[in-house]
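Chains as they are written, first to last, in the working numbering: chain U, 17 to 217; chain A, 9 to 486.
Note that these hints are calculated values from the structure, not bench results.
Here a beta-carbon is modelled for each residue, glycine too, at the ideal position from N, C-alpha and C.
Please note that a few of the clues may not be correct.
[Claimed, not checked] With beta-carbon atoms standing in for the labels, derived distance ranges:
{"id": "1", "chain 1": "A", "residue 1": "Phe260", "chain 2": "U", "residue 2": "Ala88", "range": "46 to 52 Å"}
{"id": "2", "chain 1": "A", "residue 1": "Gly70", "chain 2": "U", "residue 2": "Ala88", "range": "53 to 59 Å"}
{"id": "3", "chain 1": "U", "residue 1": "Met41", "chain 2": "A", "residue 2": "Val308", "range": "29 to 35 Å"}
{"id": "4", "chain 1": "A", "residue 1": "Gly132", "chain 2": "U", "residue 2": "Phe82", "range": "39 to 45 Å"}
{"id": "5", "chain 1": "A", "residue 1": "Gln339", "chain 2": "U", "residue 2": "Leu79", "range": "20 to 26 Å"}
[What the hints assert, rightly or not] Here are some chain A residues the structure puts well away from chain U; computed CB gaps all over 12 Å:
{"id": "6", "residue": "Pro108"}
{"id": "7", "residue": "Val148"}
{"id": "8", "residue": "Trp463"}
[Unchecked claim] With a straight-line Cα cutoff of 25 Å, these simulated DMTMM-like cross-link-like pairs (lysine to aspartate or glutamate) come out:
{"id": "9", "chain 1": "U", "residue 1": "Lys148", "chain 2": "U", "residue 2": "Asp168"}
{"id": "10", "chain 1": "A", "residue 1": "Lys301", "chain 2": "U", "residue 2": "Glu31"}
{"id": "11", "chain 1": "U", "residue 1": "Lys148", "chain 2": "U", "residue 2": "Asp110"}
{"id": "12", "chain 1": "A", "residue 1": "Lys464", "chain 2": "A", "residue 2": "Asp24"}
{"id": "13", "chain 1": "U", "residue 1": "Lys148", "chain 2": "U", "residue 2": "Glu125"}
{"id": "14", "chain 1": "U", "residue 1": "Lys97", "chain 2": "U", "residue 2": "Glu31"}
{"id": "15", "chain 1": "A", "residue 1": "Lys433", "chain 2": "A", "residue 2": "Asp419"}
{"id": "16", "chain 1": "A", "residue 1": "Lys380", "chain 2": "U", "residue 2": "Glu189"}
{"id": "17", "chain 1": "A", "residue 1": "Lys311", "chain 2": "U", "residue 2": "Glu31"}
Residues per chain, in single letters:
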Amino acid sequence: MSDENKSSSVPSAGEPVATRSAAPMWIIVTTLVLLFIGGIYFDRHSGWFNPKVYAPYTSAENLEGFQPQSGAAAALARGKKTYEAVCGICHGPDGLGKPGQAPPLAGSEWVVAKGFNRLAHIPLMGLAGNIKVAGKDWSMNMAAMGAALPDDDLAAVLTYIRSAWGNQASAVEGDDIKKIRSGMGGGSQPMTHDMLMAMPE
Amino acid sequence: MNLTENNSSCDREINDSLRVPLLALFGGAAVWLIVGLVLGLIAGIKFHAPDFLGACPVMTYGRVAPAANDAVLYGFCIPAALGVALWIFARLSGQPLALPLVPVVAANLWHLGVFIGTAGILLGASSGHTWLEYPRAAAVILFAAFMLIAVSAAATFGWRRQQELYPSHWFLFAGLLWFPWIYSTANILLNSHQLPRGVVQPIIGWWFANNLVFVWLALVGVGTAFYFLPKIAARPLANSGYVLLAFLTLVFFGTWCGIPQGAPVPAWLPTLSSVAAALTLVPLLAISIVTLKTVCGSNVSCKGGPFCFIRFGVMSFIVSGILYVSAACPQYSRILNFTWFGAAQTQLQLLGFAAMILFGAIYELLPQVMGKPLPQPALAKAHFYLSMIGVLLFFVPLVLAGVVQGEKLADANIPFADANTAALKFLRVSTTGQMLILLGALLFAVNIFIMTIQWKLGIAKTVIAYIKSPLETAEVKS
Chain U
17 MSDENKSSSV
27 PSAGEPVATR
37 SAAPMWIIVT
47 TLVLLFIGGI
57 YFDRHSGWFN
67 PKVYAPYTSA
77 ENLEGFQPQS
87 GAAAALARGK
97 KTYEAVCGIC
107 HGPDGLGKPG
117 QAPPLAGSEW
127 VVAKGFNRLA
137 HIPLMGLAGN
147 IKVAGKDWSM
157 NMAAMGAALP
167 DDDLAAVLTY
177 IRSAWGNQAS
187 AVEGDDIKKI
197 RSGMGGGSQP
207 MTHDMLMAMP
217 E
Chain A
9 MNLTENNSSC
19 DREINDSLRV
29 PLLALFGGAA
39 VWLIVGLVLG
49 LIAGIKFHAP
59 DFLGACPVMT
69 YGRVAPAAND
79 AVLYGFCIPA
89 ALGVALWIFA
99 RLSGQPLALP
109 LVPVVAANLW
119 HLGVFIGTAG
129 ILLGASSGHT
139 WLEYPRAAAV
149 ILFAAFMLIA
159 VSAAATFGWR
169 RQQELYPSHW
179 FLFAGLLWFP
189 WIYSTANILL
199 NSHQLPRGVV
209 QPIIGWWFAN
219 NLVFVWLALV
229 GVGTAFYFLP
239 KIAARPLANS
249 GYVLLAFLTL
259 VFFGTWCGIP
269 QGAPVPAWLP
279 TLSSVAAALT
289 LVPLLAISIV
299 TLKTVCGSNV
309 SCKGGPFCFI
319 RFGVMSFIVS
329 GILYVSAACP
339 QYSRILNFTW
349 FGAAQTQLQL
359 LGFAAMILFG
369 AIYELLPQVM
379 GKPLPQPALA
389 KAHFYLSMIG
399 VLLFFVPLVL
409 AGVVQGEKLA
419 DANIPFADAN
429 TAALKFLRVS
439 TTGQMLILLG
449 ALLFAVNIFI
459 MTIQWKLGIA
469 KTVIAYIKSP
479 LETAEVKS
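Construct the complete structure from the given sequences, taking the supplied hints into account.
Below you can see the structure in the form of structure tokens.
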């Protein structure tokens, strides 16, 4: 590998030599670009080494959405589903209500009240007349949308609206709804503001 | 100092030290190549005539097919590559082979191991893991034999006259370290009494298969090509910067490949494999550039000579690498998984890339080592054309069969059996290709065997002449 062998007229009996040069920049840049694209691909598909994530799922969160749930999380998921099917049409999936249709639930003092007795009567009996929600006056009629729901579903809906969108209030159990329902008597008149204020919180 | 005289005496010493080890390695390799190709042909014929040798349990597809692949890889590719590596190390060191007796013993040990392994598979003692089918006894023998040859090669490397390394050194020395590492790891994990459970087994299997067939063969094949191409073309090897980058990226990224998309393993494994496969485009690109720059413009007239073999081998490597990368790409693997496509890539890697480069290297170095030209140079030329056409007829139809089969498998309205029979017309062509490759290998073996026999006859003549010489009797009397 001496210098004179570097010309292109190396005798075939001699040992081959390599032309010395550095790797050109473009191929190093290509490598880095491939590495970068590979990194993005890995980030999106690998589940970051989580041993529970298998293809076609791409991350732990993605996988979580497909898991059967139990306990408080299950009740919340059930409440969300029922809310979106029954209540969300007027009150909105974000709980902000719609002007001229339904008052907001997010931040409503009726929803996040300490007790849920008054709140539970609204879907069970319906509501009519003037009512003040979150500093604004509303005058709407609401049918007894929750009267036909099973106790557990209604409890799940109330738990959901009391804990979603920044609301923070205690959960509601199916048994509580059962108690309230049995204490309502046979009246079918919708609630008014005064009737609600007359009953315990 | 008289350099020319020194060189020629040095050449003679190198050739003398290598003659016996190389004949032992190459002779056995030629036998196993033919055994492997015949078994492969038997396995191929079963697709056209399922009853062919079907009554004999030894010759059933499940035994013949792995025995064929292993005989080609373990029986031919590895010992031939080791022989070529020993020669290259001795040449580049400017020293005769260190510990020349060790590779002779090791070569015979290696071929014994392949014999036990092949017999074990055919008699039903296969371990069931791809590329690790050989029973434990054979695996231990193969490992020991490889280590012995590696020690001799490393000693030759260590005693080199020049400190500076040539790129082939990197590739071949990495190959010497790579095989013991992967072979011992995979065998200890998969051939032991305490097997890992469940999905860990195929993960180890895929890792090993990738590191053996893709990385190891690439290391020795490219290392050999980068020695012989510039040597025969009488030009320097182009741009060592590209070569260094190719080597590092091949070793670094190549080893993560191999876990197929859709494997029942945590998603990060196939994802990482895909990313690594995409990055092996870098060494493929760099190796093609170096080869083009080295070869283009040289006026080597190789009509079926060693140069043709090696150039074809490098081209096969690039194509096989691109097939490998595309099979790891999620969009394509959805179609190509579980089809002939993977088999096509493996066979191209074995027979189109590794075997062709080794044929070329052996045709180039053996006449030098033996000190006489090839006994049948016309057969060597015929071997090139038969092999080239054979490889093309073998792998191209299999690639097409894989695509057609995969598209039918992806269609829920097409019955499974129809998807499989769709590959049959392609298999007809590929079996023809197999026959041509086998025919070429027979011509190769003829040259090797004639050389061996001539050499043995030569020794016998010398011995007889020595015994008959009158001087001896005079000595005895005195």
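Going down the list of hints, with the structure as the test:
no.	hint	verdict
1	A:Phe260 - U:Ala88: 46 to 52 Å	holds, 48 Å
2	A:Gly70 - U:Ala88: 53 to 59 Å	holds, 54 Å
3	U:Met41 - A:Val308: 29 to 35 Å	holds, 32 Å
4	A:Gly132 - U:Phe82: 39 to 45 Å	holds, 44 Å
5	A:Gln339 - U:Leu79: 20 to 26 Å	holds, 23 Å
6	Pro108	holds, 20 Å
7	Val148	holds, 33 Å
8	Trp463	holds, 22 Å
9	U:Lys148 - U:Asp168	violated, 28 Å
10	A:Lys301 - U:Glu31	holds, 18 Å
11	U:Lys148 - U:Asp110	holds, 20 Å
12	A:Lys464 - A:Asp24	holds, 14 Å
13	U:Lys148 - U:Glu125	holds, 9 Å
14	U:Lys97 - U:Glu31	violated, 77 Å
15	A:Lys433 - A:Asp419	holds, 20 Å
16	A:Lys380 - U:Glu189	violated, 97 Å
17	A:Lys311 - U:Glu31	holds, 23 Å
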